[in-house]
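K.L.:
The residues making up each chain are set out below.
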Amino acid sequence: MLLQSIIIGLIAVFMQLDSRVLGRLNFERPLITCTLVGLVMGDLETGLLIGAQLEMVTLGMMSIGASGFDMNKGAIVGCAIVIRSGVDIETALAIAVPLTVLDRFVVTFFDVVRLNLTHMIDRAVEASNYKKAKFVDIVLGPLTYCINAFAVVFIAVYFGEGLINQILEVVPEFIMTGVSLGANIISFYGFALLLSTMISKKNCVFFLIGFVISAYSGLGLTAIAVIGIVLALLFYQLRYGNGQAVTVGAVDELDELD
Amino acid sequence: MSKKGLEVQKNTSLHKKTREFFWGGWCMQTLWNYERQMNTAFMWGISNTLDRLYCEPDEDDKKKEAYQRSLEFFNITPQFGSFVMGIVAAMEEEYCEHPDTFDPRIMNNVKVALMGPLSGIGDALFQGTVRIIAMSIGISLAQQGSILGPIIAMLISFAVSFPITWFGGKLGYVKGQELLREISESDLMDKVMYACSVAGLVVVGGMVASLVNITTPISYGETFQLQPLLDNILPKMLPLAMTGIMYWIVKKGINPILVILGCFVAGVIFQYFGILAI
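Those sequence lines, one after another, are chains A and B. Take 418 as the starting number for the first sequence in this note's numbering and just add one per residue. Take 58 as the starting number for the second sequence in this note's numbering and just add one per residue.
In short, the hints are calculated from the structure, not lab data. Honestly, I wouldn't trust all of these hints.
As the list claims (entries may be wrong) - Here are the computed distance ranges between Cβ atoms for each label pair: (1) B:L63 <-> A:V523: 22 to 30 Å; (2) A:E590 <-> B:E122: 50 to 58 Å; (3) A:Y575 <-> B:D117: 35 to 43 Å; (4) A:V588 <-> B:P156: 58 to 66 Å; (5) A:L650 <-> B:E279: 19 to 27 Å; (6) B:E279 <-> A:M537: 34 to 42 Å; (7) A:A568 <-> B:E92: 36 to 44 Å.
Claimed, not checked - In silico DSS-like links for lysine-lysine, alpha-carbon gap of 25 Å or less: (8) B:K61 <-> A:K548; (9) B:K73 <-> A:K551; (10) B:K309 <-> A:K551; (11) A:K549 <-> B:K308; (12) A:K619 <-> B:K73; (13) B:K248 <-> A:K548; (14) A:K619 <-> B:K61; (15) A:K548 <-> B:K232; (16) A:K549 <-> B:K232; (17) A:K549 <-> B:K309; (18) A:K549 <-> B:K248; (19) B:K309 <-> A:K619; (20) B:K248 <-> A:K618; (21) A:K618 <-> B:K227; (22) B:K308 <-> A:K618; (23) B:K308 <-> A:K548; (24) B:K248 <-> B:K227; (25) A:K551 <-> B:K248; (26) B:K248 <-> B:K232; (27) A:K551 <-> B:K227; (28) A:K548 <-> B:K309; (29) B:K308 <-> A:K551; (30) B:K119 <-> A:K548.
Computed from a predicted model, the values in this text were never measured in an experiment. Don't be surprised by glycine CBs; every beta carbon is placed ideally from N, CA and C.
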């Protein structure tokens, strides 16, 4: 039980590293991690099913910058607890969601740690200690994420859903839902951070075009991306296009009038 | 200026440099922080280039300057990070060779101009398109009990991520050296940046309207409900308004940790009083 919890904690570390040093190759996704959990716990079939279900539920969740809301840790914990206790697979989601909410607080704590590490790097460069600066980024940085992932997942899996349920009983419903709402609101902060580097009075109309098309049509993001590229080509033409053609045409028509 | 540094840099193989940009790209999120986001990761990625260019001990102040330059605010989809790194490496070489004619501030301008649009397009491409296609196939196979599901999903993800990151870095570096010739003469960079920003902004607009939702459960009796009313005027009005409020908050420069905590508190309050809901 202890060993198994440790191994699952290590799966969580692997999941976390995917987005830190592998450019988010998608190893972090529930489909992959739950399969691994199933393999480790000797129930590949259930792992695959839970992985598929949780992947479907979270398919639309994207991480923009780092404002994203992902249930990757929650998926691992939910899958492990379901396989161990033999309850129906729908319970996995019911465990994943509150765990993700609780994890958010832990993430915030480590965000403060990472701010301090950033300043440590500034100071190291100032003191010409480049080796240290690089070390902090490539080792200590990912370490904060890995400790977070391992600790949360290990504790949740080892102490079982009993602990999660106890927390849930003590905390009123509206706080749980409210924290989820807060996490959604944070996503908009993430969007605003991204926009702050891109947008200006002149070009905000393009942002609005994308918004309005998506809001009224409900088209998926891929469609919007294609529309965005087409519009980019169009406006590029309008702004930098070959004005010569228009002038020459006008002159020709005038000639024909003589 | 140091001939040795430039020589070392020029004698380093393109393969080795591309590998550095590649890992710099994939490791873009090692130390994400709310202050300057992926700045330290960018520094790490470009550090080998800087170490080579300024290898002489008496050039430490130039090296420090370059490192500090590399620590400016940065945010990008990891797979496109290598491309920007390649371009910046080419620029750092140019600056090292011609410090009197090359304005180092150009480098950050190029980073800023590129990162926004490339993030918008990149996130939509990798997390929106590639992942959804890969996982959809994986899900259907997994539901049939086949372990090929996750395997094929990962193969598809890798097949897109690896070449773009690898060749993106190479392209940015090689083309960067060529582009530098043209940059002062034509406004090619402006044109490309314009096109990128149009596409990128349209995509981010789409993200605001589709990725996350905020609604209001406010109603009065049985007949008046606020949300359908708002939807009739403009669907997703609340997400747009929330983005606007957040943009104002960003511009005010409020401490991000306070914003995060404030969002949780606000979320609980709004939920309790039934003002907002997911």
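K.L.:
Next, verify each hint and record whether it holds.
P.N.:
Outcome of the hint check:
L63 (chain B) and V523 (chain A) have their C-beta atoms about 47 Å apart, which leaves the hinted 22 to 30 Å range violated. Roughly 55 Å separates the CB atoms of E590 (chain A) and E122 (chain B), a value that falls within the hinted 50 to 58 Å. The given range of 35 to 43 Å is broken by Y575 (chain A) and D117 (chain B), whose C-beta atoms sit roughly 50 Å from each other. Range check, V588 (chain A) to P156 (chain B): Cβ separation about 60 Å, and the 58 to 66 Å hint holds.
At roughly 50 Å, the beta-carbon separation of L650 (chain A) and E279 (chain B) lies outside the given 19 to 27 Å, and the hint is violated. The beta-carbon spacing between E279 (chain B) and M537 (chain A), approximately 59 Å, falls outside the hinted interval of 34 to 42 Å. Between A568 (chain A) and E92 (chain B) the CB atoms are about 24 Å apart, so this pair departs from the stated range of 36 to 44 Å. For the proposed pair K61 (chain B) and K548 (chain A), the alpha carbon gap of about 21 Å is at most 25 Å, so the pair holds.
With a CA separation close to 18 Å, the supplied pair K73 (chain B) and K551 (chain A) stays within the 25 Å bound. Of the pairs offered as hints, the one joining K309 (chain B) and K551 (chain A) is violated, with about 31 Å between alpha carbons and a cut-off of 25 Å exceeded. Between the alpha carbons of K549 (chain A) and K308 (chain B) the distance comes to roughly 33 Å, so the proposed pair goes past 25 Å and is violated. The hinted pair formed by K619 (chain A) and K73 (chain B) fails the criterion: a straight-line CA distance of about 41 Å is larger than 25 Å.
A distance of roughly 39 Å separates the Cα atoms of K248 (chain B) and K548 (chain A); the hinted pair therefore is violated under the 25 Å criterion. Restraint check for K619 (chain A) and K61 (chain B): not satisfied, since their Cα atoms lie roughly 46 Å apart, outside the 25 Å limit. A hinted pair counts as satisfied when its Cα atoms are at most 25 Å apart, and K548 (chain A) with K232 (chain B) does not qualify at roughly 30 Å. Proposed proximity of K549 (chain A) and K232 (chain B) is contradicted: the alpha carbons are some 32 Å apart, above 25 Å.
Restraint check for K549 (chain A) and K309 (chain B): not satisfied, since their Cα atoms lie roughly 33 Å apart, outside the 25 Å limit. Straight-line distance between C-alpha atoms of K549 (chain A) and K248 (chain B) comes to about 40 Å, which puts the hinted pair past the 25 Å bound. Between K309 (chain B) and K619 (chain A) the CA atoms are separated by roughly 21 Å; this keeps the pair inside 25 Å, and the hint holds. Annotation: proposed proximity of K248 (chain B) to K618 (chain A) holds, straight-line Cα distance about 18 Å (limit 25 Å).
Distance hint between K618 (chain A) and K227 (chain B) is unfulfilled; the C-alpha atoms sit about 35 Å from each other, more than 25 Å. Between K308 (chain B) and K618 (chain A) the CA atoms are separated by roughly 14 Å; this keeps the pair inside 25 Å, and the hint holds. At most 25 Å may separate the alpha-carbon atoms for a hinted pair to count; K308 (chain B) and K548 (chain A) exceed this at roughly 34 Å. Distance hint between K248 (chain B) and K227 (chain B) is fulfilled; the C-alpha atoms sit about 22 Å from each other, no more than 25 Å.
Restraint check for K551 (chain A) and K248 (chain B): the C-alpha separation of about 35 Å exceeds 25 Å, so the hint is violated. The straight-line distance between the Cα atoms of K248 (chain B) and K232 (chain B) is roughly 16 Å, inside the 25 Å bound, and the hint therefore holds. For the given pair, K551 (chain A) sits about 23 Å from K227 (chain B) by alpha-carbon distance, which is consistent with the 25 Å threshold. Proposed proximity of K548 (chain A) and K309 (chain B) is contradicted: the alpha carbons are some 35 Å apart, above 25 Å.
A distance of roughly 30 Å separates the Cα atoms of K308 (chain B) and K551 (chain A); the hinted pair therefore is violated under the 25 Å criterion. Our distance criterion of 25 Å between C-alpha atoms is met by K119 (chain B) and K548 (chain A), whose separation comes to about 16 Å.
Of the numbered hints given earlier, the model fails hints 1, 3, 5, 6, 7, 10, 11, 12, 13, 14, 15, 16, 17, 18, 21, 23, 25, 28, 29; all others are met.
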